[in-house]
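Protein chains in written order, with the numbering used here: chain W, 1 to 284; chain L, 1 to 481.
Derived by calculation from the structure, the hints in this document are not laboratory data.
Where is the CB? At the ideal position from N, CA and C, for every residue including glycine.
Incorrect hints may have been included.
Under the rule of at most 25 Å between Cα atoms (straight-line distance), these lysine-lysine pairs were calculated in the BS3-like manner [unchecked claim]:
| no. | chain 1 | residue 1 | chain 2 | residue 2 |
| --- | --- | --- | --- | --- |
| 1 | L | LYS146 | L | LYS420 |
| 2 | W | LYS142 | W | LYS28 |
| 3 | L | LYS85 | L | LYS232 |
| 4 | L | LYS470 | W | LYS28 |
| 5 | W | LYS120 | W | LYS28 |
| 6 | L | LYS434 | L | LYS232 |
| 7 | L | LYS275 | W | LYS256 |
| 8 | L | LYS75 | W | LYS233 |
| 9 | W | LYS7 | W | LYS19 |
| 10 | W | LYS233 | L | LYS198 |
| 11 | W | LYS76 | W | LYS120 |
| 12 | W | LYS256 | L | LYS420 |
| 13 | W | LYS15 | W | LYS233 |
| 14 | L | LYS275 | L | LYS232 |
| 15 | L | LYS150 | L | LYS198 |
Under 7 Å between C-beta atoms, here's a sample of chain W residues computed to sit facing chain L [what the hints assert, rightly or not]:
| no. | residue |
| --- | --- |
| 16 | PHE11 |
| 17 | PRO91 |
| 18 | GLU93 |
| 19 | ILE94 |
| 20 | ILE213 |
| 21 | ALA258 |
Take a look at the letters that make up each chain.
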Amino acid sequence: MYELVEKSEIFNVHKMVIKAPGIADSMKPGQFCIIMATEFSERIPMTVSDWSTDTGTITIYALELGISTLELARMKVGGSLYAVTGPLGTPSEIRHYGTVVLGGGCYGIGGIYPIAKACKEAGNEVISIVEARYSPMFYHEKELQQVSNQVFYATSDGSRGKKGKVEDVIAEMLERGARVDQAFFMGCTQMLERCSEATRPIGIPTKVALNSIMLDGTGMCGACRVTVGGETKFACVDGPEFDGHKVDWRELQQRKSAYTEQEAVVYQSLSHECLAEKKLRGEL
Amino acid sequence: MGLTAKERMAIERHSMAEQPAGFRNRNFEEVPYGYTPDEAVAEAQRCLSCKNRPCVSGCPVEVPIPEFIALVTEKRFTEAARLIKTKNVLPAVCGRVCPQETQCEAVCIQGKKDKTQAVAIGNLERFAADFERENNPMEAPEVQDKNGLKVAIIGSGPSGLTVAGDLIRFGYEVTIYEAFHRGGGVLVYGIPEFRLPKKVVETEIKALEDTGVTIHYNSVIGRLYTVDDLFKRLGFSAVFIGVGAGLPIFLDIPGMNLNGVFSANEYLTRSNLMKSYLFPQYKTPVIVGKGVAVIGGGNVAMDSARTAIRLGAEKVTIVYRRAREQMPARAAEVHHAEEEGIEFRLLSSPVEIFRNDQGWVTGMKCQRYELGEPDESGRRRPVPIENSFFEFDCDLVVVSIGGKANPLITRTTPDMEVNKWGYIVTDPWGRTSKRSVYAGGDIVTGAATVISSMGAGRRAAKAIHEDLTKENDETFTPDWW
């Protein structure tokens, strides 16, 4: 079950293609899976960036950040994940909006792909904007280009496209008088907040895919609760997409940092493994 | 052997030896050790084998109580367990978590004068089931020839396991869809290890799988497949929904989304299912509070409080709106919690949770209550006392005030009737308004007990069997759809 059939790494972002035929059959854009690498792992939500009913596989991009994603990063092709649950979450609302801007950073570079694809198929003009620290960190490029009318790049060091971030590209577009009917953003919380602020002044309807801490993913525990427009919502069932102009960002940031201390403890409990030495010994 | 009724009446009830309170509140091992065989026989001899069997009518699944107890007196322990299993597929579980004091033991003649002197039916059930499990290879029950019909069960909690156990014996092909990576539902995510060791549940589930029941884990129906998909795409003839209530309620007071505020579902799921009490071997973290406040007075609140103290909290306080006599928790659980050093602030309800700049809980403000006139549940209604407040420090709050109906399945099954609270409407046999769809347990009744869910499962299994059998007879039109 859940065999890892393909794996590659682009600067700490791990592409993982996982055998999960049932999930691939039912998956819709904007949905996610909850994944456990081993029996001992946490349950972590992962956006599904691509899937195929032909091969019965789903593709995720895992940004190696803490213990759970490290465990994923260490997995080898041919091995199996302990648990993959999905699809979860309410699918993105796909319809003919007109011009749709999709912004992605980190795992969101891959994550916006299925939404872009569906928006394109629904007859929208699709403009994708992706950000990274520097040029080689982009991935899933060809695929994104195929489903976008235009792709813009933004890098912190200016090595490709605009020097800056997604919201800087948006600001420029809006200055030029571009018309945007709907925006979708996916990435880290700071990026989602910044991008929502960029679309707020001229009132572009903005959806953000929130990434709060989750446990079961079915609405049973409430770990993922977020305040949107003054109301408590569960990101796992009511979301993950919400109106970016109504999210209580400060609360979300605080709730996401709840386990910082425990994360450090569990990370240090791992046996140390020097990857450079392993490479020298030819084991990597 | 051969005791007179008078002699039987003269024997005092045998309590189970248990871990001392000051020791057990720092570990997750089970609290009572269970009977020794001698204790079990001695307790069994207290049974008067009443002809009219009041205890059996007190049991939601009608376990043949006097008969299994008679086998215990003869030291035929394994046979006793197997006799229970003809009516109850999970005796080791029910012996531990059933509220016997309000069911079978409540009507026991031995307890007529003094309730505490009823025959310890639950303890004996647990003993027999444990003895069988520990001393015998699991014996697969007799299974009828396969009839070629497939039944899907959603949820592997008490009701789902009961339906599965019954239908596999009737010859159906049975598939359970479980949302989590382990089976058992509330038995594994909700009830803590110290009340119900997980190996007990695992053994029961393994036994079902050995009998031929297929369990698909990590499968959330309503998302992965709809109920209609189960019929049309996957070819099932009937579907049983036993998904539990599954949606936590929070209080409508300031501070409910602070860091350090948990639903009991989350807190217990972290500790039990994800085993964060073994952190960092198991990597799901849980916050160990210094001062923990648990809001609520049910069994789940007791489980949360007793988990908190075992995880290492310095002080654990239960905050409950009504008085002690009105607590829905079993008296034994309240007693256990008290012994373990848990404080009770009764007739009190939180009005605000305090915070620091980082968004963490620092304390709680409560309003004092007094008891007024009885409400529709017959319990005296708690009435807030004006301007009577108190505050105390805490860094962790567990909200355990019940749940609501999870809408994942009902929303994707619009042609199935639900009531105004979102619970599924069924007839007494578990038939829903949608043809060939049955439901039972907390998603029908709201929060209830393990055994009442098992009772619902048993009735639904009978209804499924009856309806599917009659369906093959083309002249028959059931009158319920």
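### Query
Going back to the hint list, which numbers does this structure go against?
1, 3, 4, 8, 10, 11, 12, 13, 14, 15, 16, 17, 18, 19, 20
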